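*Asks:* Given next are the chains, with one letter for each unit.
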Amino acid sequence: MKKVAYFGVFTALALIFSYVEALIPFHIGIPGIKLGLANLIVVIALYKMGAKEAFCLSVVRIVLSGFLFANLFSIIYSLAGGVLSLAVMVLLKKCGTFSVYGVSMAGGVFHNIGQIMVAMAVVESFSVAYYIPVLLVAGILTGLVIGIVAGEMLKRLIGLEL
Amino acid sequence: MNIFKKMKKNDWILLGIVLCVAVVFYVVRIFSADKSPGYVKVSIDGRTAGTYDLSEDQEIEINGGTNRMEIKDGKVKMIEASCPDQLCMHQKAISLDKESIICLPNKVVLQIESRDKAELDAVVK
Chain S
2 MKKVAYFGVF
12 TALALIFSYV
22 EALIPFHIGI
32 PGIKLGLANL
42 IVVIALYKMG
52 AKEAFCLSVV
62 RIVLSGFLFA
72 NLFSIIYSLA
82 GGVLSLAVMV
92 LLKKCGTFSV
102 YGVSMAGGVF
112 HNIGQIMVAM
122 AVVESFSVAY
132 YIPVLLVAGI
142 LTGLVIGIVA
152 GEMLKRLIGL
162 EL
Chain D
0 MNIFKKMKKN
10 DWILLGIVLC
20 VAVVFYVVRI
30 FSADKSPGYV
40 KVSIDGRTAG
50 TYDLSEDQEI
60 EINGGTNRME
70 IKDGKVKMIE
80 ASCPDQLCMH
90 QKAISLDKES
100 IICLPNKVVL
110 QIESRDKAEL
120 DAVVK
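From first to last, the protein sequence lines are chains S and D.
Be aware that the first sequence starts at 2, since it is given in our numbering, and climbs by one per residue.
Be aware that the second sequence starts at 0, since it is given in our numbering, and climbs by one per residue.
It should be emphasised that the hints constitute simulated quantities derived from the structure, not laboratory data.
There could be a bad hint or two in this list.
[Said to hold, decoys possible] Pairs of lysine-lysine residues, derived as DSS-like cross-links and limited to a Cα-Cα distance of at most 25 Å, are as follows:
#	chain 1	residue 1	chain 2	residue 2
1	D	106	S	156
2	D	91	D	74
3	D	8	S	49
4	D	40	D	97
5	D	106	S	35
6	D	7	S	95
7	S	95	D	4
8	D	76	S	49
9	S	35	S	3
10	D	74	D	106
11	S	35	D	97
12	D	106	D	40
13	D	40	D	5
14	D	40	D	91
15	D	5	S	156
16	D	40	D	4
17	S	53	S	95
18	S	49	D	5
19	S	4	S	95
20	S	35	S	4
21	D	8	S	95
22	D	91	D	106
23	D	40	D	71
24	S	49	D	106
25	D	8	S	156
26	S	3	S	49
27	S	95	S	156
28	D	7	S	156
29	D	5	S	95
[What the hints assert, rightly or not] Beyond 10 Å from chain S on every Cβ pair, some chain D residues (computed):
#	residue
30	9
31	10
32	21
33	22
34	52
35	58
36	67
37	94
Predicted model only: the values in this text are computed from it and were never measured.
Every residue gets a Cβ at the ideal spot worked out from N, C-alpha and C, and that includes glycine.
Just chain D, same shape as in the assembly:
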């Protein structure tokens, strides 16, 4: 690729700095993330359908049986979905604050809320 030969030294420095900053933010997030299990919030079509504690292992039926999620070792995974593409089932298990699994066809959203923020759920204007 002659594009990379045409890039000047400062271009590479810029590239390096930005990537370093990205890595730093990523690492900080991994380490500062609240590791204590919080809640998983289930919402269907935008409405909250329930919150479940991540500290107890359980299987929960969502939306009258279109989806099933599994809570195990503080992680949430979608184990059943009635939709044809089943994308949500192939997503990796979530456990960190604000991570989510979304099943678009059934409009089901699973989102992790950390324990200390679970009750502060509004935007104050």
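Bound-form chain S, shown alone:
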């Protein structure tokens, strides 16, 4: 039962981060780029609880925050990004030779790749591919920031048994 409680707390935290980000957009001059604060919670859940739980958390978070702060269309984008990103993060973590920084960077990069793949399907052309370099570099940077914060948090959450 303890797990259910923690799951609730984590979902609430992730939702709050989504809300904060919707309030204060961390725009850095490039359209479509944001920090992805909620992914911090997903990374923490992945390390503290496991792949299945992190996956549930990610999907629940995206659907809820999509209905609360955005629209159905953005849920599709976010889901594609979130699922792909989590799948890659789980693989890299299982592989064991990556630190949390690398896992998080890959997560950031593949989040953006998932979204641009949906964008390609929507406009039915590869013309959006010109945006890929920007998204890759942005994914690395935001993923690294999230990874650094997650690393510091995990260091302090060592006593937290889930």
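Once you've looked at the hints, dock chain D against the given chain S.
*Replies:* Chain D alone, transformed into the frame defined by chain S:
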């Protein structure tokens, strides 16, 4: 920064690969971009206000005089804007397909369309 010391070898390899892929995509785009001058599409508040050929040098008044753009050597630059921040005027000149200059306060968007795609302007569902 001890963060960089804490990163494992595979983290660096991942970082390197992603950056390489980004550079490859960027280079491919630069070289595959249609260099022949196309059109610049001017839209105001979402509605297309006109398309102009990039191959002839000219100055064009937009939106009844709130903005002026200049076409020179196949490149487009905003040379006058009535808005206070004048961000669009400080943007570099555009010439490649899909590049754009946007003046938000006046809702003016300049976007380059390459010649071969200029007539295919719809999304088919």
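*Asks:* All hints are to be evaluated individually against the structure, with a verdict given for each.
*Replies:* Here is what the structure says about each hint:
Taken as a hint, the residue 106 (chain D) and residue 156 (chain S) pair is broken in the structure, with Cα atoms around 48 Å apart against an allowance of 25 Å. Taken as a hint, the residue 91 (chain D) and residue 74 (chain D) pair is honoured in the structure, with Cα atoms around 10 Å apart against an allowance of 25 Å. As the CA atoms of residue 8 (chain D) and residue 49 (chain S) are separated by approximately 23 Å, the hinted pair is consistent with the 25 Å bound. As the CA atoms of residue 40 (chain D) and residue 97 (chain D) are separated by approximately 10 Å, the hinted pair is consistent with the 25 Å bound.
Distance restraint check for residue 106 (chain D) and residue 35 (chain S): the Cα-Cα separation of roughly 24 Å lies within the 25 Å cut-off, and the hinted pair is therefore satisfied. The hinted pair formed by residue 7 (chain D) and residue 95 (chain S) meets the criterion: a straight-line CA distance of about 15 Å does not exceed 25 Å. Under the criterion of a C-alpha separation no larger than 25 Å, the hint pairing residue 95 (chain S) with residue 4 (chain D) is consistent with the structure, at around 22 Å. The suggested pairing of residue 76 (chain D) with residue 49 (chain S) is violated, with an alpha-carbon distance near 53 Å, which exceeds 25 Å.
About 33 Å separates the Cα atoms of residue 35 (chain S) and residue 3 (chain S), which puts this hinted pair outside 25 Å; it is violated. The hinted pair formed by residue 74 (chain D) and residue 106 (chain D) meets the criterion: a straight-line CA distance of about 21 Å does not exceed 25 Å. In summary, the hint linking residue 35 (chain S) to residue 97 (chain D) is supported, as the alpha carbons are separated by about 22 Å, within the 25 Å threshold. Our distance criterion of 25 Å between C-alpha atoms is met by residue 106 (chain D) and residue 40 (chain D), whose separation comes to about 14 Å.
Taking the CA atoms of residue 40 (chain D) and residue 5 (chain D), the gap is near 50 Å; set against the 25 Å cutoff, the hint is violated. Between residue 40 (chain D) and residue 91 (chain D) the alpha-carbon distance is near 17 Å, which keeps this suggested pair within the 25 Å criterion. Proximity of residue 5 (chain D) to residue 156 (chain S) is assessed by CA-CA distance (about 13 Å); at most 25 Å being required, the pair is judged to hold. Distance restraint check for residue 40 (chain D) and residue 4 (chain D): the Cα-Cα separation of roughly 50 Å exceeds the 25 Å cut-off, and the hinted pair is therefore not satisfied.
Proximity of residue 53 (chain S) to residue 95 (chain S) is assessed by CA-CA distance (about 13 Å); at most 25 Å being required, the pair is judged to hold. A hinted pair counts as satisfied when its Cα atoms are at most 25 Å apart, and residue 49 (chain S) with residue 5 (chain D) qualifies at roughly 20 Å. Between the alpha carbons of residue 4 (chain S) and residue 95 (chain S) the distance comes to roughly 22 Å, so the proposed pair stays at or under 25 Å and holds. Taken as a hint, the residue 35 (chain S) and residue 4 (chain S) pair is broken in the structure, with Cα atoms around 30 Å apart against an allowance of 25 Å.
Between residue 8 (chain D) and residue 95 (chain S), the direct Cα distance comes to roughly 16 Å. Compliance with the 25 Å bound is thereby established for this hinted pair. The suggested pairing of residue 91 (chain D) with residue 106 (chain D) holds, with an alpha-carbon distance near 19 Å, which does not exceed 25 Å. As the CA atoms of residue 40 (chain D) and residue 71 (chain D) are separated by approximately 15 Å, the hinted pair is consistent with the 25 Å bound. For the given pair, residue 49 (chain S) sits about 48 Å from residue 106 (chain D) by alpha-carbon distance, which is inconsistent with the 25 Å threshold.
With a C-alpha separation of about 20 Å, the suggested pair residue 8 (chain D) and residue 156 (chain S) falls inside the 25 Å cut-off, and the hint holds. For the suggested pair residue 3 (chain S) and residue 49 (chain S), the alpha carbons sit about 13 Å apart, so the restraint of at most 25 Å is met. Between residue 95 (chain S) and residue 156 (chain S) the alpha-carbon distance is near 19 Å, which keeps this suggested pair within the 25 Å criterion. For a cut-off of 25 Å, the pair hint linking residue 7 (chain D) to residue 156 (chain S) stands: about 17 Å separates their Cα positions.
Restraint check: the Cα-Cα separation between residue 5 (chain D) and residue 95 (chain S) comes to about 19 Å, which is no more than 25 Å; the hinted pair holds. Distance check for residue 9 (chain D) against chain S: the nearest CB is about 5 Å away, which does not clear 10 Å, and the non-interface claim fails. Distance to chain S contradicts residue 10 (chain D) as a non-interface residue, since its nearest Cβ pair spans about 3 Å, not more than 10 Å. Some Cβ of chain S comes within 10 Å of the Cβ of residue 21 (chain D); the nearest lies about 4 Å off, and the non-interface call is violated.
The claim that residue 22 (chain D) is not at the interface with chain S is violated, since a C-beta of that chain comes within 10 Å of its own (minimum 7 Å). The Cβ of residue 52 (chain D) sits about 21 Å from the closest Cβ of chain S, beyond the 10 Å cut-off, so the non-interface label holds. With 10 Å as the threshold on Cβ separation, the claim that residue 58 (chain D) sits away from chain S holds: the shortest Cβ distance comes to roughly 28 Å. Under the 10 Å C-beta cut-off, the non-interface status given to residue 67 (chain D) relative to chain S holds; the minimum distance is some 24 Å.
Here residue 94 (chain D) stays apart from chain S, with its beta-carbon at least about 14 Å from theirs, past the 10 Å limit.
In terms of the numbered hints stated before, the structure departs from hints 1, 8, 9, 13, 16, 20, 24, 30, 31, 32 and 33, listed from lowest to highest.
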